[in-house]
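Visitor: Taking the hints into account, I'd like the entire structure generated from these sequences.
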Amino acid sequence: LQGMSHIEPWGRWSDSKQVKLSFMAAPNLCSAQELNLTFRAFVTKLNKSQHFTFLLNNKEIGKTSVSYGQKQPLEISMNYHQLLKCNEINTFEIIIDNPTSPISVQAGNDPRALGFGLISFTFK
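Numbering (the numbering used here), first residue to last: 40 to 163.
Read the hints as simulated data drawn from the structure, not as lab findings. Check the hints yourself; a few may be wrong.
Label pairs and their in silico Cβ distance ranges [what the hints assert, rightly or not]:
1. Asn148 <-> Leu122: 18 to 28 Å
2. Val144 <-> Ala64: 21 to 31 Å
3. Ile115 <-> Ser44: 15 to 25 Å
4. Tyr107 <-> Pro48: 22 to 32 Å
Result set (DSSO-like, lysine-lysine): computed pairs, CA atoms no more than 30 Å apart in a straight line [claimed, not checked]:
5. Lys124 <-> Lys110
6. Lys84 <-> Lys124
7. Lys59 <-> Lys163
8. Lys59 <-> Lys110
9. Lys87 <-> Lys124
10. Lys98 <-> Lys163
11. Lys102 <-> Lys84
12. Lys87 <-> Lys102
The beta-carbon is built from N, C-alpha and C at its ideal position, and this holds for glycine as well.
Guide: This is the structure in structure tokens:
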């Protein structure tokens with residue numbers, strides 16, 4: 040796991056422009072067709088939006104944007120068209136366009152460059 044900060048009670052924040060999660064796809068995951076994420080975005084009055092691109096094994100499987108005032112947490116489901124490699128290491132990536140530290144936008148004392156807050160990651 041790269042690009043994620045420490046675990047918090049609700050999940051974890053990204054702390055860079057890119058998150059990489061490598062995992063072995065067990066046989067029971069091989070029949071899954073959808074990747075579902077529950078997440079939040081770090082947006083404020085001074086940092087009004089975040090844009091995310093999602094990749095599985097270097098292929099884009101989705102994009103989304105979150106704006107200030109939008110209800111959170113959010114969910115996204117992505118069909119990955121058989122890109123999952125069974126019994127092999129897979130890499131899921133999140134590209135964050137505008138990671139921002141809360142301290143830089145007067146939203147607290149946190150110096151981390153936040154963007155994507157991962158709550159859950161499941162296959163269906």
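Visitor: With reference to the structure, classify each hint as holding or not holding.
Guide: Each hint tested on the structure:
no.: 1; hint: Asn148 <-> Leu122: 18 to 28 Å; verdict: 40 Å, violated
no.: 2; hint: Val144 <-> Ala64: 21 to 31 Å; verdict: 38 Å, violated
no.: 3; hint: Ile115 <-> Ser44: 15 to 25 Å; verdict: 21 Å, holds
no.: 4; hint: Tyr107 <-> Pro48: 22 to 32 Å; verdict: 23 Å, holds
no.: 5; hint: Lys124 <-> Lys110; verdict: 34 Å, violated
no.: 6; hint: Lys84 <-> Lys124; verdict: 41 Å, violated
no.: 7; hint: Lys59 <-> Lys163; verdict: 20 Å, holds
no.: 8; hint: Lys59 <-> Lys110; verdict: 26 Å, holds
no.: 9; hint: Lys87 <-> Lys124; verdict: 37 Å, violated
no.: 10; hint: Lys98 <-> Lys163; verdict: 19 Å, holds
no.: 11; hint: Lys102 <-> Lys84; verdict: 22 Å, holds
no.: 12; hint: Lys87 <-> Lys102; verdict: 17 Å, holds
Consistency with the previously given hints fails for numbers 1, 2, 5, 6, 9, ordered from lowest to highest.
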